[in-house]
Every structure is written in C-alpha cells, then in structure tokens.
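Student: Protein sequences, first through last, are from chains A and B. Per the UniProt record's numbering: the first sequence = residues 1 to 544. Per the UniProt record's numbering: the second sequence = residues 1 to 544.
No lab work stands behind these hints: they were computed from the structure. Be aware that one or more of the hints could be misleading.
Given that identical chains are not distinguished, each listed pair holds provided it fits within a single copy or across any two copies.
As the list claims (entries may be wrong) - Once the Cα atoms are required to be at most 30 Å apart in a straight line, the calculated BS3-like pairs of lysine-lysine come out as:
hint : residue 1 : residue 2
1    : 126       : 472
2    : 126       : 321
3    : 342       : 317
4    : 317       : 540
5    : 439       : 317
6    : 342       : 321
7    : 519       : 435
8    : 126       : 317
9    : 380       : 528
There are 2 protein chains.
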Amino acid sequence: MLSTMQDEQLSLATLLRYAQSFHGDATISTWTGEGVRTITYREMGAEAARLANALRALGIGEGDRVATFMWNNTEHMVVYAAVPAMGAVLHALNIRLFPEQLVYVANHAEDQVVIVDGSLLPMFAKYLPQLRTVRHVLVANGDPAELTAPAGVQVHSYSELLAAQPDTYDYPVLDEYAPSGMCYTSGTTGDPKGVVYSHRSNWLHAMQVISPNSMGFSDQDTVLAIVPLFHANAWGMPYAAMMTGASLLMPDRFLQPSPLLEMMAQVRPTFAAAVPTIWGGVLAALEAHPQDISHLRTCAVGGSALPPSMMRAFQDKYGVKLLHAWGMTETSPLGSIAHPPKGAVGDEEWAYRATQGRFPASVQARIVGDDGSVLPDDGKSVGELEVRGPWIAGSYYSPDGAEVDASKFDDGWLRTGDVGHISPNGYLTLVDRSKDVIKSGGEWISSVDLENAMMGHPAVAEASVIGVPDEKWDERPLVAIVLKEGFTAEAAELQGYLVDKFAKWQLPEHWTFIDEIPKTSVGKFDKKRLRARYADGDLKVVTL
Amino acid sequence: MLSTMQDEQLSLATLLRYAQSFHGDATISTWTGEGVRTITYREMGAEAARLANALRALGIGEGDRVATFMWNNTEHMVVYAAVPAMGAVLHALNIRLFPEQLVYVANHAEDQVVIVDGSLLPMFAKYLPQLRTVRHVLVANGDPAELTAPAGVQVHSYSELLAAQPDTYDYPVLDEYAPSGMCYTSGTTGDPKGVVYSHRSNWLHAMQVISPNSMGFSDQDTVLAIVPLFHANAWGMPYAAMMTGASLLMPDRFLQPSPLLEMMAQVRPTFAAAVPTIWGGVLAALEAHPQDISHLRTCAVGGSALPPSMMRAFQDKYGVKLLHAWGMTETSPLGSIAHPPKGAVGDEEWAYRATQGRFPASVQARIVGDDGSVLPDDGKSVGELEVRGPWIAGSYYSPDGAEVDASKFDDGWLRTGDVGHISPNGYLTLVDRSKDVIKSGGEWISSVDLENAMMGHPAVAEASVIGVPDEKWDERPLVAIVLKEGFTAEAAELQGYLVDKFAKWQLPEHWTFIDEIPKTSVGKFDKKRLRARYADGDLKVVTL
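Chain A on its own, in the form it takes in the complex (with noise of 0.2 Å):
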C-alpha cells in the first residue's frame, strides 16, 4: 500500500513566497546607530527577486556558491532569502575568521560571487586578491570605487545593480535535498570543515525553532538577531522569521552594549539570541544605567554556557528570561533548549536551567563511552555526545568527493566532541568538550564547572581552565584568571571559594593571572593559545 499523499518538496522559495505575501506587512528593520531603517517582507520579497534577477545576469546557476560578507542587516536577510530561492547556495562569510581562514574557506568552498558590506571594504580588501574563484564583488551600504579590483574580478554597487532588475522571479522547482546554504566550522584544530545545508534540512530545523518548546516564534515577536548570520545560520532565525511574520531587528554593526539597550528601548523586540559575552555586557551596561528590558519575553543563549549568576540577575532584576541552547554549525544548530520541564520550581527550575537543556523529538541523542558503548541517560555516566537527525551533518563538504575527518562521524551519528550526559528526561549537561577536559588520576575534572563556579567569585571577570602536565596524575588543572577592573584577589582565596563546591581533588592547585583569555573568532576561549603560552612558559603560574 502506498500514502496517497502529496510529495511537496519542502522548499525555501515557497518560505519566501509565504513570507511576501501573508506576512507581507512583517518588518525588518536595521539600527543606523540613531534609528532604525526598515523595510516590509513584501519589500523584501521584491528585493530578492531583483537580486536574484542580478545574480542570474551574472550568471549564477543552481548550485553555485554567492557569498556574503556582511553584518545583519537588512540586505544579508535579502539575500538570505533570494539565494537558497534561486536555487544557488548561500555561503556566509565569517568575517571574524583568522585571514588564513577565511581565504581558505571563500577558496574551498569556491564562491563566485561576494556581497560585501560597505563598512567591511577596508578588511575585505585584504583578501579579495587571494580569493580564486570570485568573478563579482556586490557593494552593499557602500561605494564601489573604494574597492580596487584585481583582474577579472568586477566590482558593482548592489543598489545600482538591483535597481536595473524586475522585482518578480520565477523561483524553480528543486528537490528539497538541494543544497540551500554552506557554514564552515570555526574549529581550533585544523581546517575549517564545511557543512551544506539543503532546503529539507533548513526547513525542517525552522519548524524545530519556531516550536513553543524552542524558540516559539509567531507573528507577535519581534526578534532582535545578535547573534551573526554567518554564525550557524544565526541560529536559524532568518527562516523561522518568514515561516511565522516574526518581524526582525538587526543590529548591524552596532554590537556593543550601549546601542544594543538603544536599539531594544526604541523597538521593544520580544526575543533575542546572543553568544554569553554579549549578554555579560548587557547586564553591566543594565547595572550602569538601568532600563526596562521586560518586553523580551525570553532570550537564548548559546555557543558557551552562562554563568547561573548571570542568568538569575537578568530574571530577579529584570524580569528575563535567560534559555540556554546547545548547538553547533554542524546541527544547524538547535540542539538542545533549557525549558525547565512541567512542575520545576526554585532551585529545581534553576538546576534545569543551568543545563544545555533537553532535546526536542527531531534530534536523537546519546552518550557514548571511551569503548564505544552507548551509555544510559541516567543523568550520570559521562561521554560523548552523539546526535543525529534531519538538520544534523552526516559528513563534511569536500569539492572532490574525498571523505573528510570521517572520525567525526559514527555509523550514522554526529560526533559532536561535546562530553557530558543525558537525563533520563532528555536534559543535556556538558561538562567539556572532549579535548578540554582534564584527567586526573584516571578520573574526569569538567574544565567548564571549574570556570562556571569561578565567574560567581565577585572578583573575577572571566576564568579558563586547561589540563597541564602531571608526573603523579599525568594532569591537573590550571585556572587563568582576568580580574575585574579595581578588584585584587590572591590565588589561595579563589581556591578556598571553591572548596564547598567540588571534591578535594579536584580542587586546582595552579593559578595564573592575565590581562584577557584567548579568543576564538566567535568569542570562545582559545584553549589551544592558552595552552601554548603555558608550554611556552609564558604565563606566570602560582602553585599553592
């Protein structure tokens, strides 16, 4: 017997199509460092048929990679609508990637077009001769004439070339599991891999975001995009968005404390997403000069877990709602989201608030053993994290067909280099990832509950813990510290904060106090520097 059912194919240009016509009053709006300029999804959906009128003058075709390197703003969201409808691929430059980097991927991933932010040029220029396959570069909020061209690449202005460009396009018919997008891992051990989305899978993981049970967007919210579009699809908001007329607000490239609380008190958004560091500065900016910030109904939190202190001064003082979520550009990248479960109040609310949070039914997980055995979600036995699921990456991007890091993957699932455990109610708490965690005496010491409990001392502005070498444990924790400005502390005090909060061994007997942590290109801490410096002996360490 066979399902009578339609075989629609779940496709980007009908999100688009949607979001012009029934949401066609639905806004996104972009901060100019004053206010806001704004445009309709009608006027997006004319925007992007003009582009996409652009790009095929151009001769872009389907599967052809056009890249962006860009803020949010309101032309990245045409173009993140135009692109993946056409049936090209959309490559979002991470503009903070190391320039080795980002040279590599814009090569590997052989983009032939970039639509470059006008404030951007002076960093772009840098590289654009060293991109190979690029053909045209698109000045967006800018002027051409301040990029200089290398032969056989053309430079237009993306407002003059649109203008030409009729403002309807006959989106094709694609299989849904055509490729609609590309990111690249940021990692810090090789090169960066690259996962391509399809239709199917960017379809699919906004139905997961736009669920009560992840993110909840409907046509009431306004949603504030911190969190950068070439970072893991801005954590899938741009499709959520068009899915239910969520209006969006883009901060451009205005991402410091002080405009991000302007742009919220002249636009009231309802939810936001933003990497903790973003969130640390809010809050101390909020403590400066208070303002009422109880029209985000929630806001998420990922890419590094936020200190439980954090979360609570935004829900005591301000009446906000704090949800972590784990995630990774290799899962598009909901993960996981810490809705505390039915009936959690107090401190247990707060215990499953402090987790990754709990899977939702699209996302198989399970914790695997050192042996390779799948461990019980007891909320004990610790492991890696394996995933899989229909936006979850089943291998990496390679342009020749050769397999690449194929370790990261196991017979169907993603490893996701993530170590901790499952609750047997489907929470998710790490405790590091696999190449941070310390091994002491054969047992495990989480780096990440060093540092979580260390960033509630009201000395210290940011911990990092690494593992160093141990002749009688092969090792042992070292926690660098950065004290907050005007604060002393002396290692033996920090280490008897700790002291009711973790087993005797694992109390860390090595300190080191500097400046600032290492950073990641998306504002990770840089163990891999961190630990260099300390190989290096460049750090001057404390033993009590």
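Fit chain B to the known structure of chain A by using the hints.
Tutor: Chain B alone, transformed into the frame defined by chain A:
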C-alpha cells in the same frame, strides 16, 4: 554540490521512542465516568511494544491494516503509537458511520485486525459478519465472550493477549513515505474515499500542530481530545502530544456536556478541541451551572463554523479563547487556524476570529474561479479553495491502482469543495461548500452566512439553509429552523432579524420549521437529506 546533511527519515517509531523516554512522565488519563485512570508515556511505550509483539504474532506485517472501533481512550492511544511504529497501517473506523458505509470502508481498506472497545461490541457485532478481510478481533475494556465470532475470525481479549508479550520491540527503519494510517472521508455524496497518510506527513503535520501559530503544544499542556481519534486523526493531537510531551485527557464515551465539565474540573486541561455542537452544549451547561474553566488557554473548533455569539460568550463570560480552525480528512487536517494577526484588537480582532484562519507556511492555498483561473488573494474574490503541501492528499486510495475521483485534484492541488476567499494576509473565509452555495440570478448567496446570522436570534436553536429551484432566479434560499424549547417565532419576524445584515435580494422568502436538522455521521448538517425532504414535499414551507 550535494548537501552534507543526514538523510534521516521522519518516523513515528522515533516519535514513540522519544515520547516514552524523554517525556516518560507525561500522562494519558481516560475518564471512567467518575474519575480518571492514568498511565504514563513510559507505560504507553511498554504497552505499545506488547501490542506490536502481539500483532506480529497474529501475522501482521508492514503495510497490513489494523483497524480500531474505539472511543478516545488510553488503549486507542496505545494503538496510535504501536501500529505505525511497527510498519503497519492504522485505520481508525468511524463508529458513527452509517452501517453500509462502515462495512464498505473496512472491506475497501482490507482491514486484517479490528480492536474494539467493549462498550461498542453490540454495535460492532452487527457489522462483523460482513467484514470480509478481518481475521482477528481484539476486545479492549470488555469481555470477548460477548462477541460471537463468524467462521475464520478469532476473538481475543486485548489485555490477556498483551499480558503474555515482552515490553520492548525492535521497530523497523522505514522510508518516510511509507503508509502510517488511513481515514475515509464521510462525504455525503458517493462512497467514502480513503486517504493514506505517511510517516512523513504525520510527522510534519505534528510539527505544525505544536507551533504557536497553530495549537502551540508544549510539555506544560494537558490536552482534552474531544474530537474523535477516528475523525481526521483527532486533528493531529496524538502525535503532536507525543512530540512535545503534552499530557492527554481522553473522554472515552462520556461526550455529554455534564461529564465533560466534570472531567475538566478534575483534571484542569489547558487545551481542548471539538466541533461546534460540543461547544454549544458545554456553553448551555455552563449557563445552567457556572464553573471556572479558565484553565483552558485555548480551544480549537473545527468541522464547521462556530456562531460568533458563542465565541464571544466563551471569551467574555469564561475567559476562554475559542479558535476556528479549517481542515478536512484530506488535509491531515490542518489547514488554517484563526489566530488574529499582530495588532488586531476589538472589532478587528473579532472579524479575524470569525474567519477560518490563516494558512501556515507548509500549506499553500489559492482561490480558483469557475473558469479555472487563479483569483487574487484580495479578501473579495470568491471561488473554490485549492491547497497543496506535504500533508495534503494528492489522490484517493485505490486497492487496484485505478484513479478515484480524479476531478478532486487539479495539477498537484487538492480541490477542497469549499468556496470562499483569502485576504491579502492569508486569512481564509469560507462562504459555503461548493455544492451548497445558492445561485440566485447569477449572484451567489452564502448558505453559511445566513445560517450563522440566523443562529444569533434568541429563539433559534439551529438553522440550515438550502437552495430550492426558482423559475425566475434559478435558485432561492429556503431556511429550515429548529426553535429553542419554549420559544416561538414567525417566519416574518425571523426574516426581519436579517434585514440589516444582508442585501435585500439575499433575504430568504422561504421558511420551514422542523424538529431537527438531519445530520451526517460527523454531526454536520446533512443538506442532501434536507433537499430530499423538500423534493419529496415533506416540508411545510411558508413563503413570505
């Protein structure tokens, strides 16, 4: 370039495993007449495995049809979980079908097994001898000895059969297009027609049901599923509840207002779904015996339109939001749902609430004129509604592969037989079924509009409008009125009530007063029978 995402197939077995593990504490409660009997999703999972093992032992394999003849209760949910997961096809028989239709659909579907509630055995016993393909009957909640088995049919006790089975089952990995369930239309013309759902269509539909612009399920919800599990998949609630860990409250055979209100008082559900008749009864009971029902955040209403007066009464007096939804067996069934758009308040909000609602991104919709041309979504142009999408039927089931009623499909779109218009922002307003619309002097008169207006009159319990032949105008409306007990009203007075609500040429001049409007098996007005009574001269008509 190829996508690198996993080709993970959407599967109801995955959903079952998810519900029973990560939402293992969520519950299914069934009303017993006095209180509830309750199992957890964890127990549902074990019971489903026992059922799958039992069915396999009876020879049921992939693609075989397992039917139910049951109320909404715990055992029915277990069947919903187990049968598709094991690769068999769930056919929930509509216990209210007319006998010849019931026999027709069970034979047409070639049901191998029927699981029957004890309380329905007397009715089922009459059908069983005519069911040609049934080999096994499982009696749940009752005594199998009460059923005399025809030759070749074995009758089992559901509970005894399952007791002997293991509580785990190794569910097969299926293609997502594999059939999962089937429903037959209760069409008032011709034989019922079968729709075969797939794992893919059920999964995607459940993702839509849980989204905030639809029913918005989460694990915080307890869902009172009044609409039968045999009626268009109970509007998708079973799988949506499993997908989010929402708990379920099942009314079993207690569908009268008084027990419904009693179970609400005891369990305090947050969501409920039923046809207008049920809500009308509940409202009348509430007026007699007021009760706090504000634990209901939202109720979905479908099947036909709810009189706006009733929707207002629920909201103003009881603080409960009733939401129109539109769908049909062929659409899984969602459809559209009437959440008002952002910013709509007061009269504007109520105008939106009175529509059939807005379409989600996954359901494409268009209005097609008499000449086959696509009409604009201008909120005025009236024609037949056509829809397409991944959970919309593309054909009707045919055991021998022959095309069934191909006229219902138009180049990849389903012709719904509903007549209406779509607003620029995607709200559907139905004016009639295409066969019920009254064509008077080249203009269309909506029978539904007249019915809705008439049912706002204090003396009117029910009103149904049909077109009757007219020499001059082709057709003119005849209004059949059922008066409320203890009320009287003359035709002229009732017509007067419509004067300021309709154009003069739309005012009906033919009236008849009857004791009851004939209804279909799912409780809709059966206008075919009303027309037959008129044609037979069986109605006493007053013409003004």
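Student: Out of the numbered hints, which ones does the structure contradict?
Tutor: As far as the earlier hints go, 1, 2, 4, 5, 8 are violated by this structure, in ascending order.
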